[in-house]
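> Below are the chains, spelled out letter by letter.
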Amino acid sequence: MCLAVPGQVIEIGEDNMALVDLAGVRRKVCLDLVDGVRVQDYVLVHVGFALQRIDEEEARRARQQLEAMFALSRGEAEPS
Amino acid sequence: MKYVDEYRDPEEAQRLLEAIRPLAGEPLRIMEICGGHTHAIYRSGLDQVLPESIRFLHGPGCPVCVTPAVRIDQAIALAKRGCIVATFGDMLRVPGSHESLRQASARGADVRIVYGSLDAVEIARKNPGRDVVFLAVGFETTAPANACAILHARELDLENFSVLGSHVLVPPVLRYLLDAPGTEIDAFIGPGHVSTIVGSQDYAFLPEEYGKPVVIAGFEPLDLLEAVLLLLRQRAEGRCSVEVQYRRAVRPEGSPKARAVLEEVFELQDQDWRGIGRIPRSGLGIRPGFAPFDALSRYQPDLPQDVAEDAGEYICGAVIQGAKAPVECPAFGLGCTPEHPFGPGMVSSEGACAALFRYRQNAREARA
Ligand code: SF4
Numbered sequence: 007m008c009l010a011v012p013g014q015v016i017e018i019g020e021d022n023m024a025l026v027d028l029a030g031v032r033r034k035v036c037l038d039l040v041d042g043v044r045v046q047d048y049v050l051v052h053v054g055f056a057l058q059r060i061d062e063e064e065a066r067r068a069r070q071q072l073e074a075m076f077a078l079s080r081g082e083a084e085p086s
Numbered sequence: 249m250k251y252v253d254e255y256r257d258p259e260e261a262q263r264l265l266e267a268i269r270p271l272a273g274e275p276l277r278i279m280e281i282c283g284g285h286t287h288a289i290y291r292s293g294l295d296q297v298l299p300e301s302i303r304f305l306h307g308p309g310c311p312v313c314v315t316p317a318v319r320i321d322q323a324i325a326l327a328k329r330g331c332i333v334a335t336f337g338d339m340l341r342v343p344g345s346h347e348s349l350r351q352a353s354a355r356g357a358d359v360r361i362v363y364g365s366l367d368a369v370e371i372a373r374k375n376p377g378r379d380v381v382f383l384a385v386g387f388e389t390t391a392p393a394n395a396c397a398i399l400h401a402r403e404l405d406l407e408n409f410s411v412l413g414s415h416v417l418v419p420p421v422l423r424y425l426l427d428a429p430g431t432e433i434d435a436f437i438g439p440g441h442v443s444t445i446v447g448s449q450d451y452a453f454l455p456e457e458y459g460k461p462v463v464i465a466g467f468e469p470l471d472l473l474e475a476v477l478l479l480l481r482q483r484a485e486g487r488c489s490v491e492v493q494y495r496r497a498v499r500p501e502g503s504p505k506a507r508a509v510l511e512e513v514f515e516l517q518d519q520d521w522r523g524i525g526r527i528p529r530s531g532l533g534i535r536p537g538f539a540p541f542d543a544l545s546r547y548q549p550d551l552p553q554d555v556a557e558d559a560g561e562y563i564c565g566a567v568i569q570g571a572k573a574p575v576e577c578p579a580f581g582l583g584c585t586p587e588h589p590f591g592p593g594m595v596s597s598e599g600a601c602a603a604l605f606r607y608r609q610n611a612r613e614a615r616a
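Protein chains in written order, with the numbering used here: chain A, 7 to 86; chain B, 249 to 616.
These are calculated hints, taken from the structure and not from any lab test.
Beta carbons are placed, not taken as given, at the ideal position from N, Cα and C, and that holds for glycine.
Warning: the hint list may mix true and false statements.
Derived BS3-like pairs: lysine-lysine, alpha-carbon spacing no greater than 30 Å straight-line [said to hold, decoys possible]:
1. B/K250 to B/K572
2. A/K34 to B/K250
3. B/K572 to A/K34
4. B/K572 to B/K505
5. A/K34 to B/K505
6. B/K374 to B/K250
Computed, partial: chain B to chain A, Cβ under 10 Å [what the hints assert, rightly or not]:
7. R355
8. D358
9. V362
10. I371
11. Q493
12. R606
13. Y607
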């Protein structure tokens with residue numbers, strides 16, 4: 007029940023309902039719980055609502071940090 | 249699928265495991281709070297690939313599992329009065345005191361499965377002559393969506409829609425577990441989806457008051473491995489704090505809009521947890537201003553009354569609280585199965601007993 011899945015916003019209607027592509031399945035999703043969603047954004051969808059925008063920039067930064075951690079554990083880099 | 253496939257990369261998992269091993273000399277008992285994490289751990293077999301020093305204790309974070317039996321009884325009573333009961337699919341098999349909604353529906357009760365709360369509002373709009381009761385459960389993740397249903401129903405002037413709720417909160421139950429004597433939790437994996445709403449600040453009390461580190465994690469196998477690594481690094485570096493691994497979706501402040509909706513519709517109340525009992529100020533009740541949409545106030549006194557929860561016959565309570573593992577239960581897989589659950593841990597796929605049963609039957613047999 008607590009599943010939340012990422013999907014991409016295809017269009018946003020007037021009633022604040024969006025059409026979201028969830029791995030090929032299109033669903034109507036309510037945007038009442040989150041601010042600033044735009045077409046093409048990725049959102050996390052739960053029980054018919056967008057919970058949050060997925061932040062591509064943060065996702066990328068988190069990956070970089072993980073790479074740095076790997077480097078650290080291989081002893082190839084000093085902690086900064 | 250974007251944001252899923254890249255988190256299921258086996259080579260990346262190997263690199264994470266290699267980084268974890270040298271830090272995992274001393275035992276670490278990690279409670280994953282959320283049932284979604286429990287499910288992901290068993291599905292991906294993380295508990296088996298990690299060093300033995302790392303143990304997962306399954307937390308109480310499955311809202312279906314902790315919904316008190318009397319809510320099911322109340323929903324069945326309302327269906328017998330002629331109401332349409334709409335609810336999430338997971339709720340159908342949950343045993344009430346005498347029967348489940350599925351059994352009641354086989355006997356003619358009008359029970360309908362909805363995917364989301366607005367579907368329940370839609371049923372009410374299309375059936376103006378019938379009362380529609382939405383049996384709504386959830387943690388901070390789902391509660392805003394359920395609150396939104398009430399706001400939509402008010403906007404549509406629907407007089408035939410109400411919510412029979414069981415809404416529970418994460419921080420109070422963690423305090424309850426940590427205050428209990430003999431707690432064995434060293435660290436927490438924090439609930440990713442709850443945190444998209446409430447943010448990371450809600451958990452500051454865990455390191456500050458209890459000295460327990462927390463990493464808020466996503467739900468893919470790599471997310472969880474990285475969370476374990478971050479917890480081990482905190483220990484190795486002598487730190488203890490709240491960290492967010494699930495940064496693509498969790499902001500420190502959460503979602504202010506969703507929090508505002510929660511605040512508008514709900515207020516704090518004492519709450520009964522199945523398998524645990526009553527915990528003060530651990531749940532959300534519908535504010536008196538929305539009483540016409542609150543099934544509990546609307547249909548009193550015709551409903552079965554709330555009663556104190558008992559922990560169940562077997563070790564269900566201990567399992568829900570992470571104190572015992574499902575395999576320690578004599579009924580596990582022998583009588584108690586997802587088809588015929590005896591207790592809360594077996595009723596939802598996010599319950600610890602059900603997740604273990606689904607993914608580990610063969611492995612258990614193989615090891616035996
Ligand atoms: S296996 Fe069944 S009876 Fe045993 S603890 Fe889990 S839910 Fe309760």
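> All the hints need checking, so say for each whether the structure fits it.
So, going through the hints one by one against the coordinates:
For the given pair, B/K250 sits about 37 Å from B/K572 by alpha-carbon distance, which is inconsistent with the 30 Å threshold. Proximity of A/K34 to B/K250 is assessed by CA-CA distance (about 19 Å); at most 30 Å being required, the pair is judged to hold. Proximity of B/K572 to A/K34 is assessed by CA-CA distance (about 41 Å); at most 30 Å being required, the pair is judged violated. Restraint check: the Cα-Cα separation between B/K572 and B/K505 comes to about 38 Å, which exceeds 30 Å; the hinted pair is violated.
As the CA atoms of A/K34 and B/K505 are separated by approximately 20 Å, the hinted pair is consistent with the 30 Å bound. Restraint check: the Cα-Cα separation between B/K374 and B/K250 comes to about 36 Å, which exceeds 30 Å; the hinted pair is violated. Evaluation of the B/R355 hint against chain A yields a violated restraint, the C-beta minimum of about 24 Å exceeding 10 Å. Taken as an interface hint, B/D358 does not check out: its beta carbon lies about 21 Å from the nearest beta carbon of chain A, beyond 10 Å.
The restraint placing B/V362 at the interface with chain A holds, with a minimum CB-CB distance near 9 Å, inside the 10 Å limit. For the restraint placing B/I371 at the interface with chain A, the shortest Cβ-Cβ distance is roughly 13 Å, beyond the 10 Å limit, so the hint is violated. Because the beta carbon of B/Q493 sits about 7 Å from the nearest beta carbon in chain A, less than 10 Å, this interface hint is met. Hint on B/R606 is violated. Least Cβ distance to chain A is approximately 15 Å, over the 10 Å limit.
Evaluation of the B/Y607 hint against chain A yields a violated restraint, the C-beta minimum of about 16 Å exceeding 10 Å.
Consistency with the previously given hints fails for numbers 1, 3, 4, 6, 7, 8, 10, 12 and 13, ordered from lowest to highest.
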